[in-house]
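Starting from the known structure of chain U, fit chain H onto it as the hints suggest.
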Amino acid sequence: MSKDAVEALSLNAITKRFGELTANDAVSLAVNVGEVVALLGENGAGKTTLMNILFGQYTADSGTVRVFGDTLPSGNSRAALDAGVGMVHQHFTLADNLTVQENITLGVHSLLKPSLGRAAAKTRIAALSKKFHLAVSPDARVGTLSVGERQRVEILKALYRDVRILILDEPTAVLTPQETDDLFATLRLAIAEGLSIIFISHKLHEVMAIADRVVVLRHGKMAGGVNTKDTDKNALAEMMMGTEATPPEVSPAKPDAPLLAFRNVTTADVGSVPGLKSVSLALKGGQIVGLAGVSGNGQAAMADVVGGLLNPNEGQVILGSETVQKWTPRIAVQSGIARIPEDRHKTGTIADFDLVENAILERYKSPAFSNGGWLNWRKSRAFADGIIDKYDVRCPGSETPIRLLSGGNMQKLILGRVLEADPQIILANQPVRGLDIGAVNYVHSQLLAARARGAAVLLISEDLDEVMALSDVIHVIADGRLSPEFRRGEMTPAQLGLWMAGQGFETDIAYAS
Amino acid sequence: MRLEPIKNPTLVRKLVPPAIALISTVVIASFLAMVAGANPFSVIGLILKGSFGSQFAILETLNRATPLIFTGLAVAVAFRAKFWNIGAEAQLYAGALMTVLLGTGVFPWPSFAILPLIIVASILAGAVVLLVPALLKIRFGVDEVVTTLLFNFIFLLFISMLLEGVLKDPMGMGWPKSARIIPEAKLPRIVDGLRLHWGFGLAVFSAICIWIIQNRRTLGYEMRAVGLNRDAAAFAGIPVNVVIVKTALLSGGLAALAGFSEVAGLKGSLTLDLSPGFGYTGIIVAMLALLNPLGVIVAALFVAGIFVGADSMSRAADVPTYLADIMLATALLLMVLAIMLTRFRVVRD
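Those sequence lines, one after another, are chains U and H. In case it helps, our numbering puts the first sequence at residues 1 to 513. In case it helps, our numbering puts the second sequence at residues 1 to 349.
What the hints contain is simulated information worked out from the structure, not anything from laboratory work. Cβ coordinates follow ideal geometry from the N, Cα and C atoms, glycine included. Hints may be right or wrong, so weigh each one.
[Stated by the list, open to error] Where chain H lies over chain U, by a calculated footprint (3+ residues, C-beta under 8 Å):
1. 307-317
2. 333-347
3. 350-364
Chain U on its own, in the form it takes in the complex (with noise of 0.2 Å):
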């Protein structure tokens, strides 16, 4: 690769503190001309930090940056821009009602200049694509594109602005296995073409597969730097977490009758998101059943009708035995669904409450912490309490602030507060997203525990490999519409990834209605 080994991108020993937290400690990182350099670590081990620090958003307490020999400015974010650098993030920085063409020219013309030159950038638009293998036509509307095109539009734009040294931020996270394999793909070209690239990722599998040298950082600190072919996956592992990482072990389901069933529920579009189309599905005690899909493709509908917070148009939802009339979160609640919201900052918990008051934030109206509208906070600290000890919630009392927890601690109350119940039934969507291995282990083994009890679980999940490796039976849900079950080791991962693509449906039936 990388013979010459000419340094594109360098930060050096880059320290930042924010009060007592240490973001990043002395962490370096340099890429060389035509390298992929994967950065790689936990939530919160301080990858957005530096990044931040790269395009200046932060200014560091010590260290450099320097772009092919020189040191970039402090704290200027036109800087790293200006000296060829772009960045792809994981949630698109696209103009939904602008063309193709339209958001990639955005900012790049002077506003003086007279014409905007358009036939000469569609010409070079046209003409980077092909080179790439980035296929997307530039007169559409962003608004209409999927999520894989919107990211190679988000390429594009970096292309467009000859960048020599591209970062892609969770570039995977939204992508089909199939149009990662394109990714890769369009990513090797690059580097081929000169380019240097910094992969930031949890996927230890993806990192194996595109990077020449892995960055490990924990706890803002490096944990280590190796090139991939000296290493492996559970090397990888270790060195993000501290300590071997051990799945979770899954034993054969033992399915009772469905505790939560839909019978041809059909729900409204919102925009441009689907929602169900006569969907069925059933949820049995002692048994996970995963619902695979890129997202945006009706999970959220999904999720919302199984919480209460949706009622279907048409068809019926039908708890145990009886059909649902009256449909509300609460309802939901006390029918003894447990709900692990996909947001857990923006849905799942109140920033600004502390950990007692959300603790309490679904059930306050129950007798257990409130009689005649006065709320009983002895009883409902001590609930919060037994769920900081019992699913070892780290923080420094019942009554901080949420918002002070890490996405993992966070995550632990909120399954707390929803298992506590002891729920038959359970909604865990994208229940993992952003956390480090550790927690996502937790998190897993108390899922296989409540199905072990006999719980029905339905877990959402983007990530093809979390869904394959929990689930019992397997839908895959592509425009709204829902697969057949696949059972357990039925369909290999790029089989699903057809189905994910919406190929195999039967597309006049659902079209025609």
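Showing chain H alone in chain U's frame:
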């Protein structure tokens, strides 16, 4: 430059910025008094004397603080749930209107029932006035900042129409003013012979009730949850729209009590200048109190003290009364800034 929150502010950090704000206010006011031809060094003394310097001054300040506690509470309750009630002025007049309608002795009631009835009716009137913007918000998504603000003007013009028409006092020598309420409808004095009326007691009692609601009742918990994170509240099963309506009813009712206590405790009749902007000043009071119901009492006393003290100072020093307004505005701006500085530090990048 940016602001960084301070985790554990020290006592010095909590006290010094407000102190500097107060001193700066006095310095600025003294300077302006000097420009107006008065002795600048007498200003602070005259203000203190006018606001807290005698029994009369203290009672005057407490009387002035009474409507501000009510409107401050109304705003604090609403803002806590992120329901932006800018219309306390209109709700105040609704309460005053109800007090005059029922209190002018047109209906024959036993005298002991009159005040409780008027209080309940006033609360309902204010609640209904704010119910309209609340329903518009949850049903059609209309911004309550706009509707509550505009309601102030509509309602004041409505009152004006009534005072020029059906409610006009035939004995009022042509002034747009209602008839006086009967003695049974008047709020009694707390101590005989002193000007302070029970409206102040009712205001303090209301503040304590609101504190209890916010910290001990499920409704307060719901209101805070809705204010801090509407999505999470809805996910958890809190009926967000119902909570907004309840918040609006409570807020409107509190603001209406300001109108009730001004008419029943002090003025005795309804005029168009019943409130010199108590509804708007309530927003400042609530902000100064950081939306804490008990803090509202302190903030209202502070604002009322400046009102009364600066007014008295301008008379004693023979400077224009505008100086009082300038001083109040200066004090409030500096105090808001100072309160911010007790919780954030300015960091230079």
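Hints versus structure:
| no. | hint | verdict |
| --- | --- | --- |
| 1 | 307-317 | holds (count 3) |
| 2 | 333-347 | holds (count 5) |
| 3 | 350-364 | holds (count 8) |
Comparing the model with each earlier hint shows no violations; every hint is respected.
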